[in-house]
Each structure stands twice: as C-alpha cells, then as structure tokens.
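K.L.:
Here is what each chain is made of, one letter per residue.
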Amino acid sequence: MTPTITTLYGLLAAALVGLGLYGLLTQPHPLRKILAFNVLGGGLFLVFGVVLRQGATAGFPADPVAQAFVIIAIVVALAGTALAVAIMLRLFAETGRVTLRPEPPAPGDGKDADS
Amino acid sequence: MSPATAAPEGFLLVLAIFGPVLGIPLLLILGGRHAGRIGLVLLALELGIVVAIAATVIRRGDALEYVLGGWAPPLGVLLRADGLSIVMLATTAVVIGAAGLYARSDFGMPRGIPETRAPQVFWTLLLTIWAALNAVFLASDLFTLFVALELLTLGAVPLVGLSGRPEALTAALRYLLFSLLGSALFLLGVALLYGSYGTLDIALLAERVRVEPTTQLAAALMTVGLLTKTALFPLHIWLPAAHAAAPAAASALISGLVVKGSFVLIIRVWVDALPGVATPMAAQLLGALGAAAILVGSVLALRQARLKMLIAYSTVAQIGYLFLAFPLASATQLGTAAWTGGILQAVSHALAKASMCLAAGLIAKSIGHDRILDMEGIGRVLPVPLFAFGLAGLSLMGLPPSGGFMAKWLLLRAAIEGAQWWWILIIVSGGLLTGGYLFRVLSRALARSDRALPLRSTVDRRGELLVLGLALLSIGVGLVPLASLYIVHIGRAL
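From first to last, the protein sequence lines are chains A and B.
Counting along the first sequence from 1, when you hit position 73 you're at 73 in the numbering used here, and nothing is skipped either side.
Counting along the second sequence from 1, when you hit position 390 you're at 390 in the numbering used here, and nothing is skipped either side.
Derived from the structure by calculation, the hints contain no laboratory data.
No residue lacks a Cβ here, since even glycine has one placed at the ideal position from N, Cα and C.
Honestly, I wouldn't trust all of these hints.
[What the hints assert, rightly or not] Okay, the calculated beta carbon distance ranges per label pair:
no., chain 1, residue 1, chain 2, residue 2, range
1, B, 28, A, 89, 18 to 24 Å
2, B, 214, A, 22, 19 to 25 Å
3, B, 30, A, 90, 23 to 29 Å
4, B, 476, A, 14, 50 to 56 Å
5, A, 27, B, 384, 45 to 51 Å
6, B, 55, A, 18, 49 to 55 Å
7, B, 280, A, 82, 40 to 46 Å
Use the sequences and the hints to build the structure in full.
P.N.:
Next comes the structure, spelled out in structure tokens:
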C-alpha cells in the first residue's frame, strides 16, 4: 500500500461525489437524477474504500468492518434506485411523460382529495 | 460487557423492531383480506412491548441495552433504549395505532368484494415504517441508524404514491430523490467519521471525538443530509406535495412521525455522538432556519386554498420549532429545559398533527372535497371532526393547557434564561400566525349557512372517536407534571 495510490483514490472519490452532486441538483430529468445519484454513490463507496485501506491493521489487507459497511450501503443504494426507477416507469405508464414539474391544476382541483 | 447488557428485559428491544417485520410475511401468506386483522393484532402486541420497555427504563432509571448475538460494540450492534427512545417509541405506537385503526375503513375489504392490492400494500408499508422508526429510536451506532433511516424512506415513499395518480407519483419521486440526496450526504459524513475514529458506536465516538476540520465537515454533511429528510426550510419543498398526495392515514404518518425520525437522529449526532463539535454559531444558524420555517410556513399556510395543503404548510412551520431547541440549549448551561421543550414539541406535534390529518380526511371523505372556501357551515354536519381539528389546533398554537403550550413555554423559559430575546419574538409571532390560519378554517366551517350540505357518505363513528382521542392526548400531554417530563433525559449525558 503506497500513500500515493490511496491519495489518488481519495481524489477520484471526491471528483465522483462532486460530479454526482452537481448532476443530482442541476439535471431536470428524473432518470438523469437517478444516474447522478449512482455516480454520487460510486464516489461514496470509493471513500469507504480509501478508509478501509487506511484501516488495514492486524494482519488484514483491509479493514473488514468497513467492507461490511460498503456492501450494505450498496444494497441500500440499489433498493433506492430500484424504487425510483419503478415509480418513474409507473409515471410514464400513467401519463406518457416523465417530469418532476407539478401539473397545472385541473378544473375541479381538490375533488376526491381523499380517494 | 457491562451489567446493563445482561438485563433479561433487553430482549424486548429486539421484539420492538422485529415484531412488525414478522407481520409482513404473514400478510403475504394470508393475503390482503386478513391484512386489517393481522395489523390490529400486531398493533396490540407492539403497544404492550413498548409499554413494557418504557416501564422497565423508568423503573431502572437507566438505559436498557441489548447486545445482538453477544457481539459487543465496536464489532457488534447494540440496541439501547434511553429516555428519548421510550418517549418517541410510545408516540410512534399511539400514532401508528391510530392511523392503522383509521385505515381500516379506507383500506378495509368487506366480504363479497373482489380482493384488491391496496390494503395489503398499505399494511406492509405501515409495518415497515413502524419497524424502521423503532430501529431509528433504538439503534446506537451511526451505520445501523443510516440503514434504519433508509428503510424509513423506502417505506414512506410508496405510501405517498399509493393512489397511483400522476401527481401522487410525481410527489413520491420528488420525495425519494430528496431523500436519496439526504442519505448520500449522511453516509459521506459517516464515512469521514469512521475514517477518523475507527468506530461508529455513539458512546465510543463521544469518548474519542476531537474538534478538528474533518469532524466538523462530517457533522455538517450529516446535519444537512438529515435536514433534507426532516424537511426543514429551505429543504421543505418536497413535503407539501407529498403530504397532499398521500392518503389521510399516510399523511398523518409522514407529517407526524417520519420527519421526526431524522430529527431524533440530529439530536443523537449533535448531543450524543459529537458533543462539543457544533459551534454556537452553527446552533444559531440551525435556529435561524427554524425561525424562517416558522414564519414562511405559517404565511404560506395562510394562503392555501385546500385544507390538506394548509395542514402540510403548518407542518413545515411546526418543524421550525423543533430546531429552536438547538441555539437555546447551547446558550444555557445544561440546556435541559430547551431539549425537553424540543422533544415535547416533537411529541405533541405528532399527536396533534395526526389528529388534524385524520380529521381532514374524514371531512374530505364526507363532503367530497377539501376546498376551505366551500366548507361554509360544515360545523353543523361534522361537529366531531371539526372539534378535534380545533383542539389539535390549540396545541399547535401553544395555548394552555396543551402539550404544545408546555413545549413552547419550556422553549420560552430557555430563551429568557439564556438571554436570547430574539427567539421569544419568533415563538410568539409563530403562535399568532398559527392562530390566524386555524381561524380561517374554523370561521368558515362554523359560519351560518342556509345551504343544504349533501354528505357523500355518513361520518365514520370510529374515525371520529380516533381523531378526538388523538386531539385530547395532544392536549393531555400538557397536563403531565413538569417533573415527570424529565424522563426524556434518562440514560443520557444531559
């Protein structure tokens, strides 16, 4: 383990987090936002990767606790992404378009508010 | 292993989290027709477990702990119930119980009608949210808290989109994207903390923590992430649409409970895990955001045409009060009054807002719409939901005797003791504005009207009892003797 490689990974992680954050905030289309979230997630997991290389002690090549964290975090991110894509597909099936802009209020707005 | 972990009652903490989870496969196997019945049995069981946990913690006067699988931290997971946990567990049990009972009429399936998916989905999500909230209140390491928080989001988002209408799906998607952003920021903070200290256990972190730039960055990232999920101004923009799109029982859960889960986590991070890391300036900033939430939320609530949106913006405003506790606590020596006030505000708001949401649901179901202007004279035909709405409103305004009054009075006292007069102005004017938007609804509903009011359906008697019970509870919290409110500090460093 050389410090330069860890530093390089750290910088890469920072770049990915920055890119993902920028995309999540500026891209209007939901699919692009979901992809940006996954870029951000990739950066996050890389941060954990740097941390687990630094925590390599006691004969382990890498910190096993941090590895467990990363695996669980990936599962959680996968679940979130899957739910987002599912809602997006349902929205497309209902309206034929996918946008986060609220629809203009239809006449009779407020009807069936509880149905 | 400390002697506390050996307590046999500790297993109750496991049951509190896994009870609802065990119900989910039962729902799948037995099908939606039995969903309501399974749900009710679990509600009763869980309520018993929560009462047992609360009684044990109060009797011992110390936190109750359980080490999962005998693996002690930092490797294993420790469940820990302190005063804050038991207060929030009890509030959650009451509000979820009420939402579940209320939903029996909305998502019930009488015999002879073909089975639909909605009841099964609703109850599955309700149980998911419950398990997740209990995990948020009982977990004692930041990573488990992250997973619990994600589970909470994954339960709450589909509940918003349950109706499947386009605006509901859009609101659910917006809510999910905001939440994912929040959890990414939180996780980044967690990673930085783990990199610095090699542990995520709250008690161990509190011993090891040093004030340095990395820790402060981590704290800031985690706080912003959690604020997104708590919907504090200006990160509240997902909440009104999500609230309005959700069915009444679901909006009671989201406004009353789900946003409180991440609020409790902010307290855990600031007070329990990273004591002394937040500067007084950061606390003042959080308080200023809270103040802005109170003013902006209340003014926007005044301008809403629909009852559900009014309640949603009222939630935005009431969340602001929660964050006044941070600057107030940092100014006084122990901050006990401010923290008690903040936590009491979380409890009384959960009860009052759940009552309001369900009452609004009853009104909308009976008259077929929720436009405030067209509610002239509904007090004549729907007296009980309206009375409950008014009672809950008293608690939100902070009029005595009510839970909201006690909460705001404790915050006011902390403001006077800490010589921070500017928060007094905010608390008082927030109460006035709250009175204003409630008056808009009540004056319209109680106006004399000769128009005949055709009701779409008869008023649900059980629903009426529920909203009235919740409203009375939110008032009743204010009648609890002040000394016993300090149970929220059992087993905590405060």
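K.L.:
All hints, please: hold or fail.
P.N.:
Now for the hints, and whether the structure bears them out:
no. : hint                     : in the structure
1   : B/28 x A/89: 18 to 24 Å  : holds (23 Å)
2   : B/214 x A/22: 19 to 25 Å : holds (23 Å)
3   : B/30 x A/90: 23 to 29 Å  : holds (26 Å)
4   : B/476 x A/14: 50 to 56 Å : holds (52 Å)
5   : A/27 x B/384: 45 to 51 Å : holds (48 Å)
6   : B/55 x A/18: 49 to 55 Å  : holds (50 Å)
7   : B/280 x A/82: 40 to 46 Å : holds (43 Å)
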